[in-house]
Amino acid sequence: MGKNRKEQLLGKLDLLVLRTLACGESMHGYAIAERIEQLSDQVFQVGEGSLYPALHRMDESGWIRSEWRASDNNRRARYYRITAAGRRQLAEEKSEWSRAADAMMRVLKLA
Amino acid sequence: MAFWRRFLNVFQPARLEREINDELEFHCEMRLRSLLERGQGAAEAEVKRRMGNLFVTKEEMRDERVVEWLASALQDLRHGLVLMRRDPGVSALIVLVLALGIGGNAAVFTLLKAAFLDHLPFRHAARLVTIIENDGWIPTVSEFREIRTHTRTLEGMAFAEYRDMQLSGSGEPVRIFAARVTASFFPLLGVNAAQGRTFVEEENQPDRPPVAILTDRFWRSRLGSDARVLGRTLRLDGQPAVVIGVLPPGFHFDYPTLGATEPVDLYVPCPIETSLPFERAANGQGVPVRVLARLREGVTLKQAESDLWDTALVLARENTSPFPGHPHDPVMFGFDAIPLRHAIVGDQRSLLWLLLGGVGVLLLIACANTAQLLLARSLRRGREIAVRSALGASRLRLIRQFLLEGLVLALSGGIAGLLVSGWLARVLVHVLPTRSPLLASAHVDARAVGFTLAISTISALVFAIIPALKGSRWTPGPSLSARATTREGNRWRQAMIAVEAALSVFLLSGAGLVTQNLLNLISAPLGFNPEHVLAMRLQLPFGKLEQPDPKAGKMLQSYVDKIEAIPGVEAAATVTGPPLRPARGGGPVRILGSTDPGTFAWSHQISPDYFRTLGIPLLAGRAFHRSDAGPKLTVAIVNEEFARHFGLGPNVIGKQIDYSDPPVTIVGMVGTVRAKPLETKPDPECYISSLESSWPNVYLLVRSSRPPGQLLKEVKAAIASVNPDQAIFGVQMMNDLVADSVPEPRFDVDLIGVFALLAAAMAGAGMYSVISFLVSQRTGEIAIRMALGAGRGAIMKTVLAATSLWVLAGLAGGLYLGYAAGKTIRSLTDTEAVASPATYAVVALFFLVVTLVAVWLPARRATRLDPAAALRCE
Numbered sequence: 001m002g003k004n005r006k007e008q009l010l011g012k013l014d015l016l017v018l019r020t021l022a023c024g025e026s027m028h029g030y031a032i033a034e035r036i037e038q039l040s041d042q043v044f045q046v047g048e049g050s051l052y053p054a055l056h057r058m059d060e061s062g063w064i065r066s067e068w069r070a071s072d073n074n075r076r077a078r079y080y081r082i083t084a085a086g087r088r089q090l091a092e093e094k095s096e097w098s099r100a101a102d103a104m105m106r107v108l109k110l111a
Numbered sequence: 112m113a114f115w116r117r118f119l120n121v122f123q124p125a126r127l128e129r130e131i132n133d134e135l136e137f138h139c140e141m142r143l144r145s146l147l148e149r150g151q152g153a154a155e156a157e158v159k160r161r162m163g164n165l166f167v168t169k170e171e172m173r174d175e176r177v178v179e180w181l182a183s184a185l186q187d188l189r190h191g192l193v194l195m196r197r198d199p200g201v202s203a204l205i206v207l208v209l210a211l212g213i214g215g216n217a218a219v220f221t222l223l224k225a226a227f228l229d230h231l232p233f234r235h236a237a238r239l240v241t242i243i244e245n246d247g248w249i250p251t252v253s254e255f256r257e258i259r260t261h262t263r264t265l266e267g268m269a270f271a272e273y274r275d276m277q278l279s280g281s282g283e284p285v286r287i288f289a290a291r292v293t294a295s296f297f298p299l300l301g302v303n304a305a306q307g308r309t310f311v312e313e314e315n316q317p318d319r320p321p322v323a324i325l326t327d328r329f330w331r332s333r334l335g336s337d338a339r340v341l342g343r344t345l346r347l348d349g350q351p352a353v354v355i356g357v358l359p360p361g362f363h364f365d366y367p368t369l370g371a372t373e374p375v376d377l378y379v380p381c382p383i384e385t386s387l388p389f390e391r392a393a394n395g396q397g398v399p400v401r402v403l404a405r406l407r408e409g410v411t412l413k414q415a416e417s418d419l420w421d422t423a424l425v426l427a428r429e430n431t432s433p434f435p436g437h438p439h440d441p442v443m444f445g446f447d448a449i450p451l452r453h454a455i456v457g458d459q460r461s462l463l464w465l466l467l468g469g470v471g472v473l474l475l476i477a478c479a480n481t482a483q484l485l486l487a488r489s490l491r492r493g494r495e496i497a498v499r500s501a502l503g504a505s506r507l508r509l510i511r512q513f514l515l516e517g518l519v520l521a522l523s524g525g526i527a528g529l530l531v532s533g534w535l536a537r538v539l540v541h542v543l544p545t546r547s548p549l550l551a552s553a554h555v556d557a558r559a560v561g562f563t564l565a566i567s568t569i570s571a572l573v574f575a576i577i578p579a580l581k582g583s584r585w586t587p588g589p590s591l592s593a594r595a596t597t598r599e600g601n602r603w604r605q606a607m608i609a610v611e612a613a614l615s616v617f618l619l620s621g622a623g624l625v626t627q628n629l630l631n632l633i634s635a636p637l638g639f640n641p642e643h644v645l646a647m648r649l650q651l652p653f654g655k656l657e658q659p660d661p662k663a664g665k666m667l668q669s670y671v672d673k674i675e676a677i678p679g680v681e682a683a684a685t686v687t688g689p690p691l692r693p694a695r696g697g698g699p700v701r702i703l704g705s706t707d708p709g710t711f712a713w714s715h716q717i718s719p720d721y722f723r724t725l726g727i728p729l730l731a732g733r734a735f736h737r738s739d740a741g742p743k744l745t746v747a748i749v750n751e752e753f754a755r756h757f758g759l760g761p762n763v764i765g766k767q768i769d770y771s772d773p774p775v776t777i778v779g780m781v782g783t784v785r786a787k788p789l790e791t792k793p794d795p796e797c798y799i800s801s802l803e804s805s806w807p808n809v810y811l812l813v814r815s816s817r818p819p820g821q822l823l824k825e826v827k828a829a830i831a832s833v834n835p836d837q838a839i840f841g842v843q844m845m846n847d848l849v850a851d852s853v854p855e856p857r858f859d860v861d862l863i864g865v866f867a868l869l870a871a872a873m874a875g876a877g878m879y880s881v882i883s884f885l886v887s888q889r890t891g892e893i894a895i896r897m898a899l900g901a902g903r904g905a906i907m908k909t910v911l912a913a914t915s916l917w918v919l920a921g922l923a924g925g926l927y928l929g930y931a932a933g934k935t936i937r938s939l940t941d942t943e944a945v946a947s948p949a950t951y952a953v954v955a956l957f958f959l960v961v962t963l964v965a966v967w968l969p970a971r972r973a974t975r976l977d978p979a980a981a982l983r984c985e
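Keeping their order, the protein sequence lines are chains A and B.
Residues 1 to 111 (my numbering) make up the first sequence, in order.
Residues 112 to 985 (my numbering) make up the second sequence, in order.
Errors might be hidden in some of the hints.
Unchecked claim - EDC-like cross-link-like pairs, simulated, lysine to aspartate or glutamate; straight-line CA separation at most 16 Å: (1) B:K159 - A:E48; (2) B:K159 - B:E140; (3) B:K169 - A:E48; (4) A:K12 - A:E37; (5) B:K766 - B:E790; (6) B:K169 - B:E179.
Stated by the list, open to error - Just a few of them, taken from the derived set where beta-carbon distance is under 10 Å, the chain A residues facing chain B: (7) F44; (8) Y52; (9) R75; (10) L110.
Keep in mind that the hints were calculated from the coordinates and are not lab data.
Every residue gets a Cβ at the ideal spot worked out from N, C-alpha and C, and that includes glycine.
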């Protein structure tokens, strides 16, 4: 994945992750990736190469919290959970995204 | 909070690594399982494809979790440590040199701290002052009394006066060192007795039964920590004195700069006569005492001084008698208040600055040498730097790496230096020419540690900046090829030799100056013969010490008579101040009937055989006779300088001087002797007969060619036959007294000499290594020139010209610095000497020889090489 494309995706990836976690349950990285793919009907295939650094960055920013727990199949896994700050961030990014999407749609319709 | 966690993560790389691995491994396993469930082929390859570059992902995750700059700095530090271990010889050398430089600075810092920063162990120490007359004399008891009556700005006024006393009663009488104080002395300093009590006001009245307070040291060493010491009676100066207290172990107030030449054994109350007339210390009258006082709350030093000035004006107006026969200008008489700390540090201030200058220059040279070594090393690492830059390291990051490597070295040196600094400071205090309780209290504390770390960091910046700037620059082609750009940084190298040469020449010329001074002092003619003279001190155990006592002269003469009767004794005499020892008195003297306004003359009270005992030539008139005795002064003998001052020569005989009332007749003139150890300029001096006036505190001189040990026994026996209570002390051959009379100049020579030699050795080694390195760089060029037919001489000339220019520049700079600093060094060391041109010539020669050898050896090697071989080597 080229540097430029990766950076383009960054904002979107944060939004997708936060939205996925916004349901409230704690999830590990693999589950988050699977859920995003499912919800987007396989349109967004999340590269692990960008997912995990993004998760750690958001953890450090305080948008999400992580903890080590036993998974369903009794393996130790890192679970992520959204925080209040994360929800605020989500709301902000969501409105920004929809504004951008609306604008894009308007431009496209005009064309 | 988050920063803190990231900060801690820097130091737990293993834990971080494990967590990241676990997380990613879990992910891969889940992915693999789901792919297998779906029955996809080549599942493992698919997992790897989706994961991408695992290495980069991990790196990115790690970067999110740590404080990035700190983590990379740590990495650089580790790199620095690895490099240190890679060439341990050079690293050890650098650390050693830096430890010496930084340790020296840290040691001097602890001394400066003790002198200027550390808390003095007295109550309200910052408000304590000592008072002196404005011409430097310390006041008399009567001046103390007057100031205490008049002052509006000072409180708790006290004084101390130090003197020898005899302790007798058990065995041979011994001499002890005592301080006579006012009752206010201990409360002023905020000290209570550990046992018993301190003095009360009434005990300062005359004719009270004597009492004494012991110092802890005296109580332990002399009285064996006697538990029932209170109430015990000691025989002091032939009188019983009752011990009323013992001081706490931590209490010392015996600073040589305040007149306590030795540690105090005990304190006694000073009897204060209230009826005594007003006396001025400058006139040699009265008992001079060290006056202490505390500024009242809120009073500034300025206010106290103007208050003292007012007091002095009143005193000068009311009392004309202290200035008999002299036109007196009241403005010339005043008092100064000096902060106690200032007074205690005294002239040791200049010693401290000398030390600081010396260690400062040493550290600079150490930094220059370290910079040279690092520069060479950083240029050898050209390829490593090129590779790192190619992999994306920025220049800034490279510079930082070099600086951090420098910091590792400097801190290692700093820590080593800190470890030795306490010891170094103790050694310095130990070798000081004078005892210094203040500096002896120097210790390493948090501030010293902070200072050491700070100078370590600063020196790292100083010595690593040039190697960092030079070493971090690279050009793709040559840096990556095997041939390194070794010419880089040559100009800096040469500039640094110039600096090193300048700094060490500076110290060497300082050393030359103080050596010259010492030579001047010890080679100046003495004016007397110190061979075969035994000197000792004694203090008569009786008499009012405030005034010359006519009984004292007779008592002393009876000792002298007994001693002169010992077989083999050629002559014996007493004197209040022998040559090279301070005079006990002195004052302004005028010749009656002369228009000359008079001069200051030292006075000595001598017994009749004094001149014969010391071999001082009698130039005119006569010496004192036995018959020059009586309750009043009638005759005096002057030295040649005195006569010269009044333009008289031998005609001075028969003149009268206003030494006392009635005037005194000059009956003799003797040769001038060296009066002061630190000056060769002669002073006018007067001698008066001890049978007419004598202090009870004198030197006893015995001329005899018999072995001193045996002689001393017989002298003691002779004295004991007259007075069994008489203690003698300070026994020394007159030769040794002369040799010991210049401890400060000797110390200056040793101190600056050691600094200068260390500096010269370091600078010489640095210059040698750099110059020979520069020359060996030119091996190829030299080979080509040789092949083209250049003569060996011509090549030597070219090579020499290139480097000696810098060395000469450094020498010139150093000589100029030495010349410019000469005045400072002279004032710091109380020196009048000027370094001779020969000193400078020797110093310059030393560096020229170093340069020649450093150029010659590698150049000779180069000229002897086969040109083809030399070129292939390149």
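With a cut-off of 10 Å on the beta carbons, see whether F44 (chain A) makes it to chain B. Given a least distance of 13 Å, the restraint on F44 (chain A) is violated.
With the threshold set at 16 Å, check whether the alpha-carbon distance from K169 (chain B) to E48 (chain A) stays at or below it. 11 Å, holds
Hint check, L110 (chain A) versus chain B [nearest Cβ-Cβ separation less than 10 Å]: Violated, because the Cβ-Cβ distance from L110 (chain A) to chain B comes to roughly 39 Å (cut-off 10 Å).
Are the Cα positions of K169 (chain B) and E179 (chain B) separated by 16 Å at most? 14 Å, holds
Taking the closest Cβ pair, is Y52 (chain A) under 10 Å from chain B? 6 Å, holds
Are the Cα positions of K12 (chain A) and E37 (chain A) separated by 16 Å at most? 13 Å, holds
How about R75 (chain A): closest beta carbon in chain B under 10 Å, or not? Holds: closest Cβ of chain B sits about 6 Å from R75 (chain A), inside 10 Å.
Are K159 (chain B) and E140 (chain B) close enough, with their CA atoms no more than 16 Å apart? Holds. K159 (chain B) to E140 (chain B) sits at ~11 Å (cutoff 16 Å).
16 Å limit on alpha-carbon distance, applied to hinted pair K766 (chain B) and E790 (chain B): Measuring from Cα to Cα gives roughly 29 Å; hence the hint is violated.
Holds or violated: K159 (chain B) and E48 (chain A), Cα atoms, limit 16 Å. Cα-Cα ~10 Å, so holds.
Checked against the numbered hints given earlier, this structure breaks hints 5, 7 and 10; the rest are met.
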